[in-house]
Amino acid sequence: MKTITYREAINQTLVQEMERDPAVFVYGLDVTDHKGIFGSTLGIEDKFGAERCFITPLSEDAMTGFALGAAINGLRPVHIHQRVDFMILGMNQFSNMYSSCRYMSGGKLKAPIVVRAVIGRGWGQSCQHSKSMHSVFAHIPGLKVVLPTTPRDAKGLLTTAIRDDNPVIVLEHRWLYDIEGEVPEGDYVIPIGKANIVRGGSEITVIATSWMNVEALKAAEVVQRKHGVEVEIVDPRTVYPLDEETIVASVKKTGHCIVADYDWVFCGFSAEIAAMVSERCFKELKTPVSRLGFAHTPCPTTRPLENKFYPSAVEIIRMVENKLGLELADLRGEEFYSYENKFKGPF
Amino acid sequence: MKTITYREAINQTLVQEMERDPAVFVYGLDVTDHKGIFGSTLGIEDKFGAERCFITPLSEDAMTGFALGAAINGLRPVHIHQRVDFMILGMNQFSNMYSSCRYMSGGKLKAPIVVRAVIGRGWGQSCQHSKSMHSVFAHIPGLKVVLPTTPRDAKGLLTTAIRDDNPVIVLEHRWLYDIEGEVPEGDYVIPIGKANIVRGGSEITVIATSWMNVEALKAAEVVQRKHGVEVEIVDPRTVYPLDEETIVASVKKTGHCIVADYDWVFCGFSAEIAAMVSERCFKELKTPVSRLGFAHTPCPTTRPLENKFYPSAVEIIRMVENKLGLELADLRGEEFYSYENKFKGPF
Amino acid sequence: MFLKSIINEDDCKKRTAMTNIELNKELYKKIYLMRKAEEKIQEVYYTDVMKTPVHLSLGEEAIVAGVCQALSVDDQVYGTCRGHALYLARSKNLGAFYGELCGKVTGVAKGKAGSMHISCPESGFVASSAIVSSTIPVALGAAFAAKYKKSNHIVAVFFGDGATEEGVFWETLNMACLKKLPILFVCEDNGMAIHAQIKDRQNYSIPEATRSFGLSVHSDDTTDSERIYSITEQAVQDIKKTDVPHLLHLKYHRYLEHVGVNEDYSAGYRGQKDDYADWYARDPVLFQREKLKLLGIIGDEIKLMETEIDQAINESTKLALDAPFPADSELFKDVYA
Amino acid sequence: MFLKSIINEDDCKKRTAMTNIELNKELYKKIYLMRKAEEKIQEVYYTDVMKTPVHLSLGEEAIVAGVCQALSVDDQVYGTCRGHALYLARSKNLGAFYGELCGKVTGVAKGKAGSMHISCPESGFVASSAIVSSTIPVALGAAFAAKYKKSNHIVAVFFGDGATEEGVFWETLNMACLKKLPILFVCEDNGMAIHAQIKDRQNYSIPEATRSFGLSVHSDDTTDSERIYSITEQAVQDIKKTDVPHLLHLKYHRYLEHVGVNEDYSAGYRGQKDDYADWYARDPVLFQREKLKLLGIIGDEIKLMETEIDQAINESTKLALDAPFPADSELFKDVYA
Ligand SMILES: Cc1ncc(C[n+]2csc(CCOP(=O)(O)OP(=O)(O)O)c2C)c(N)n1
Ligand SMILES: Cc1ncc(C[n+]2csc(CCOP(=O)(O)OP(=O)(O)O)c2C)c(N)n1
Ligand SMILES: [Mg+2]
Ligand SMILES: [Mg+2]
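Protein chains in written order, with this note's numbering: chain A, 1 to 347; chain B, 1 to 347; chain C, 1 to 337; chain D, 1 to 337.
So here's chain A without its partners, still in its complex pose (with noise of 0.2 Å):
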């Protein structure tokens, strides 16, 4: 297995599903100049021609309908988006004709459409650039939502994503690009619907969204050489469906649960996950469900809102501690993940 970033694994399994199949196409805004969607989509359209790989008019509402005329007839069309933001321009599509167009044709029609889009931080993006938005998504009967973390998980997921005979929502935050990771060379997919188990742990769970996984893994580590505490991380990986079973088990077993979430909380993914584990895990749940996610409020630009804004590694360590009636750790000399060491410069 090679390692390699999450871009280029997104990369490599465009090229490969439209190697395998000649009905995946690849269209959306920017798809084909030089920065390639931040380098997932270099090199596709110099490989497979203008014609399975090419840029829109600014036109994101006609550009979503576009798919599903496709897909029904058919082909399979990915379809991308430089930020989820732009993506709402096409939500009646979503919520109104995706959703529905298989049940309303009493089952004649099948609508094999990727949408890929990404969420969340970059450098001071603010409130139009910024947004995840899965929790809305998968709140629509009809479409499913995939959130990888890994490159492993990127190029496995997107692979199902690609192959399922649904619209698959799939949404990737833009610092996870960065991130490298061992991947198969060849072909394989990751069950849509399915948790991973991205840390063992008996004393307690957290169930983490994108990128809230970078930062349940540091505040694990943290909470282990601080406290000796075993944090269990349960990504769901996918929002819809959700694999309820397998975060089920794990509360289960620590009788603690705390959901850090990429989005904001009120009626979100991380208001579902809290729900269905405080209903399945009544009697072994040893304090409440908690809840982390982005602030009630607009994301403003400015560096100190901003990074009050987003959920962080810290918050997550004094939330443990809080739930395990634990001192609170000094994290003076601790280093955690910021944008502010990597940023040099434009875009």
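If you are wondering where the hints come from, they were derived from the structure by calculation, not from laboratory data.
A hint or two may mislead.
DSSO-like cross-link-like pairs, simulated, lysine-lysine; straight-line CA separation at most 30 Å [said to hold, decoys possible]:
{"#": "1", "chain 1": "B", "residue 1": "K35", "chain 2": "C", "residue 2": "K273"}
{"#": "2", "chain 1": "A", "residue 1": "K108", "chain 2": "C", "residue 2": "K273"}
{"#": "3", "chain 1": "A", "residue 1": "K218", "chain 2": "A", "residue 2": "K108"}
{"#": "4", "chain 1": "A", "residue 1": "K218", "chain 2": "A", "residue 2": "K194"}
{"#": "5", "chain 1": "B", "residue 1": "K283", "chain 2": "A", "residue 2": "K323"}
{"#": "6", "chain 1": "C", "residue 1": "K92", "chain 2": "C", "residue 2": "K318"}
{"#": "7", "chain 1": "C", "residue 1": "K240", "chain 2": "C", "residue 2": "K147"}
{"#": "8", "chain 1": "A", "residue 1": "K108", "chain 2": "C", "residue 2": "K147"}
{"#": "9", "chain 1": "C", "residue 1": "K92", "chain 2": "A", "residue 2": "K47"}
{"#": "10", "chain 1": "B", "residue 1": "K283", "chain 2": "A", "residue 2": "K283"}
{"#": "11", "chain 1": "C", "residue 1": "K251", "chain 2": "B", "residue 2": "K35"}
{"#": "12", "chain 1": "B", "residue 1": "K35", "chain 2": "C", "residue 2": "K25"}
{"#": "13", "chain 1": "B", "residue 1": "K286", "chain 2": "B", "residue 2": "K226"}
{"#": "14", "chain 1": "B", "residue 1": "K108", "chain 2": "D", "residue 2": "K149"}
{"#": "15", "chain 1": "D", "residue 1": "K303", "chain 2": "A", "residue 2": "K35"}
{"#": "16", "chain 1": "A", "residue 1": "K252", "chain 2": "B", "residue 2": "K253"}
{"#": "17", "chain 1": "D", "residue 1": "K180", "chain 2": "B", "residue 2": "K35"}
{"#": "18", "chain 1": "B", "residue 1": "K110", "chain 2": "D", "residue 2": "K36"}
{"#": "19", "chain 1": "A", "residue 1": "K323", "chain 2": "B", "residue 2": "K2"}
{"#": "20", "chain 1": "D", "residue 1": "K36", "chain 2": "C", "residue 2": "K199"}
{"#": "21", "chain 1": "C", "residue 1": "K40", "chain 2": "C", "residue 2": "K147"}
{"#": "22", "chain 1": "A", "residue 1": "K252", "chain 2": "B", "residue 2": "K226"}
{"#": "23", "chain 1": "C", "residue 1": "K36", "chain 2": "C", "residue 2": "K291"}
{"#": "24", "chain 1": "B", "residue 1": "K342", "chain 2": "B", "residue 2": "K286"}
{"#": "25", "chain 1": "D", "residue 1": "K92", "chain 2": "D", "residue 2": "K36"}
{"#": "26", "chain 1": "C", "residue 1": "K92", "chain 2": "A", "residue 2": "K108"}
{"#": "27", "chain 1": "B", "residue 1": "K110", "chain 2": "D", "residue 2": "K149"}
{"#": "28", "chain 1": "D", "residue 1": "K36", "chain 2": "D", "residue 2": "K303"}
{"#": "29", "chain 1": "B", "residue 1": "K47", "chain 2": "A", "residue 2": "K308"}
{"#": "30", "chain 1": "C", "residue 1": "K199", "chain 2": "B", "residue 2": "K47"}
{"#": "31", "chain 1": "D", "residue 1": "K251", "chain 2": "D", "residue 2": "K36"}
{"#": "32", "chain 1": "C", "residue 1": "K273", "chain 2": "C", "residue 2": "K36"}
In this text the structure is predicted, and so the values were computed from the model without any measurement.
Put chains B, C and D with the ligands on the given structure of chain A with help from the hints.
Same frame as chain A, but now just chains B, C and D with the ligands:
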């Protein structure tokens, strides 16, 4: 106090607020025709003229942005949609613009907008004329979401919404339009963020939204008659901001909680309530919080499937019995609400 | 209940060989079927056996029949909630039509779709939608698929005048022209959106504005389905030859209320019935029946065609009423593939 | 840090009385300010003190300066994420500009907005948005409010060529014309959307298509801000007289990469710098400086204007860098009114 219908209450409110404040105006598709949005806008154009009450082209996206421009310039638009499903075409404005307009101006702008939309069931309305979507709107910080149930609430809450300096989404169930109730003739307000205890009870709490209050009341009456059990019904009335205290107080008292929401369950408002109650009533809950909502499917057209899609009084009764360990009552001979008995012919 | 004689599967191949008389008979049968099928709905609707809001096609028959007559079986159509005529132009399955309206298992979508979402993918009426304009970009994607697969068929999308007010319509025109996709836009302009007149909604002329986006546009207000057939045939040829998307802007008068089975001239939003006397004088069914007569077809032969259709409608309706509702378990089927 | 001399509050009243020389000096100061303010950003951006993606205005100065010079203080403007020039044309508050870019409490929105959402409502630059096209319907509502309140001001909304591809743009044009609202659409056409050329995105001509929606349209590719000023002045008068919304379609060359502070001709998506030699030869700053000379203004006087601006920029930047960040509690403020 006079007894009037929900539709009359809304109409009265619009008239009173437009008389009170010349900045209030009303617009949307069909608001001036002889049907007048199920009667709720009848007579407004005649009374206030075409400048303050007008129809628009079929351009929901632009007409949603239009309200924001009017509002930040001192007007108080009331934008009306025959169905919430059409409102989704303005989703970009709601999630990317309404939500952050004030924040991004550093608090300099305010956006006093009311968006009224009809939700829910009619007569075979199918998947594109039947959503509720309050969970989605409430998920987005910067918006307020209101679901009035009674004629009195409709007037009091709509009055407050119009006077509120924020975007407020008011969702009105179509079947509620015929409901009659006592409504003060003059001016009054019901605060946004204050729940209503619809029925007192000590043994189990049902949190019900919109039309589900009608079902819950029926269920409570049957349960009382059949089992002698007193159900407490709490109508949050406003989804965001949410009156957590009233809900928590009720559940702390009864120890049992059912959430009967008029929306899909997954990542929905019922998840939020269940998560919040499970956390805040952790010690007091005798059974896990149970949720009722739409089936996780698009809404089908045909009678039997539509009936099964929507949650009903019968399901609430069964859930109460189940949670309290009661025998299943014989429900033959009970009369439950059915639109079948009301509808004769076209719309 | 299949109406074998009405639509012939290899219509298109035969068509060139069709005589003028055959063509006009075919058109008459379709128009008559559309008219009578809707009248049957008007007849039974008050008994509440059709639990689905209906947007009837009365008045627009010539457009749908004429356009569809010029399409081949491989050409696809997409429609709106006013989709009955389109269904009847493309599908022979009358049983599945009434089954759907009655919400029965025999319905084309087992009763899930009802009137507003009716379609018949197996006959090339792929989808309809009750959100104005929302199948327009879907048809765009279908046209792309046709080109991608190098099939030689085209896609026709039907919509009302009101649909042109949605931004997605203009987005779609732009992309269609940019990518030179084989698509025919059919605007059925009845001058109304629900109860709103076009002058209160549109500041542009549909033909002019769409032309400025690069389409070839043809306008007409005929109720002669043969004429519409010819216009469409020309447009289809042009699309295939020039790769330029075409738009047909065709006017008609909506006979009934927007949704429902009644006339509503008394509501006052668009004048009295008399104000539309010119339209009624040119009623598509009357017009085509007269034309058959002019072509020398005798009353008896016409009567025969009509009777066959009347019987098929009556039998299909009866079958639909007698058919069972879907089982409760059907609710959860076909949400996901 | 206020630049008193640059924008005069009663500009509009004075304007008619302004001599040609005064007008051109005013325009030069604005253009020079825009240019130098952006160059300052280029200078400091690499130090990461401005944590906000920037879409610089280099190349478009003549358009923004010219249009805004023809507006009165009561007229409003709305913009996009490429909003720096618009801010500088309307607001005298340079301190709040740099404060915002640096995310400081002194920023016009306390650092919450950053570059992409910069505005200055108190100076009539009411809002900008980083979602393409999304302030266009907002401006429509603003124009409605102006008419509703019977104020005599107009609303100008600035956007790029790419924005016209969003359906909401066409929806807005239709409603604006239908309601005869006092609105001026300003399309700043740089032929690019990020790295995509207009020919790969648009099958229509912007002036033709918008004209077919009923607007009065004026196209130009000048870099002469005085000319743009005159065109705009005429348009504003026309709007007030005729109630017909106007659209200015103005071309310019984007000097830098789409977002960020660098040139990127080497990226290859739009040819080399030399290919744009004609634009650079007509650079708005050079052009206007030459014009001042032609009008007999001596080098020393020009230098004086420039120095004042340079100093103001330097001081404002320094103040911004020294200013404090907002307190954490600010996060939860102003979500709701
Ligand atoms: C997006 C959207 N907005 C509003 C409606 C409500 N509505 C249903 S049909 C209709 C009028 C459509 O007019 P037109 O497109 O001319 O079609 P017609 O009914 O005249 O055939 C409207 C406004 C809707 N279904 N979808
Ligand atoms: C709805 C939406 N789609 C895509 C983007 C990404 N995006 C940002 S700027 C831009 C190009 C805009 O082009 P144009 O309108 O011509 O403005 P310019 O940048 O040339 O000034 C795009 C596609 C966005 N911000 N919003
Ligand atoms: Mg119409
Ligand atoms: Mg541009």
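Status of the hints after comparison with the structure:
no.	hint	verdict
1	K35/B to K273/C	holds, 20 Å
2	K108/A to K273/C	violated, 42 Å
3	K218/A to K108/A	violated, 48 Å
4	K218/A to K194/A	holds, 23 Å
5	K283/B to K323/A	holds, 15 Å
6	K92/C to K318/C	holds, 17 Å
7	K240/C to K147/C	holds, 11 Å
8	K108/A to K147/C	holds, 22 Å
9	K92/C to K47/A	violated, 45 Å
10	K283/B to K283/A	holds, 11 Å
11	K251/C to K35/B	holds, 26 Å
12	K35/B to K25/C	violated, 41 Å
13	K286/B to K226/B	holds, 22 Å
14	K108/B to K149/D	holds, 20 Å
15	K303/D to K35/A	violated, 41 Å
16	K252/A to K253/B	holds, 27 Å
17	K180/D to K35/B	holds, 27 Å
18	K110/B to K36/D	violated, 33 Å
19	K323/A to K2/B	violated, 54 Å
20	K36/D to K199/C	violated, 50 Å
21	K40/C to K147/C	violated, 40 Å
22	K252/A to K226/B	violated, 37 Å
23	K36/C to K291/C	holds, 19 Å
24	K342/B to K286/B	violated, 40 Å
25	K92/D to K36/D	holds, 15 Å
26	K92/C to K108/A	holds, 17 Å
27	K110/B to K149/D	holds, 18 Å
28	K36/D to K303/D	holds, 14 Å
29	K47/B to K308/A	violated, 50 Å
30	K199/C to K47/B	holds, 23 Å
31	K251/D to K36/D	holds, 21 Å
32	K273/C to K36/C	holds, 21 Å
Comparing the model with each earlier hint shows violations of hints 2, 3, 9, 12, 15, 18, 19, 20, 21, 22, 24, 29; every other hint is respected.
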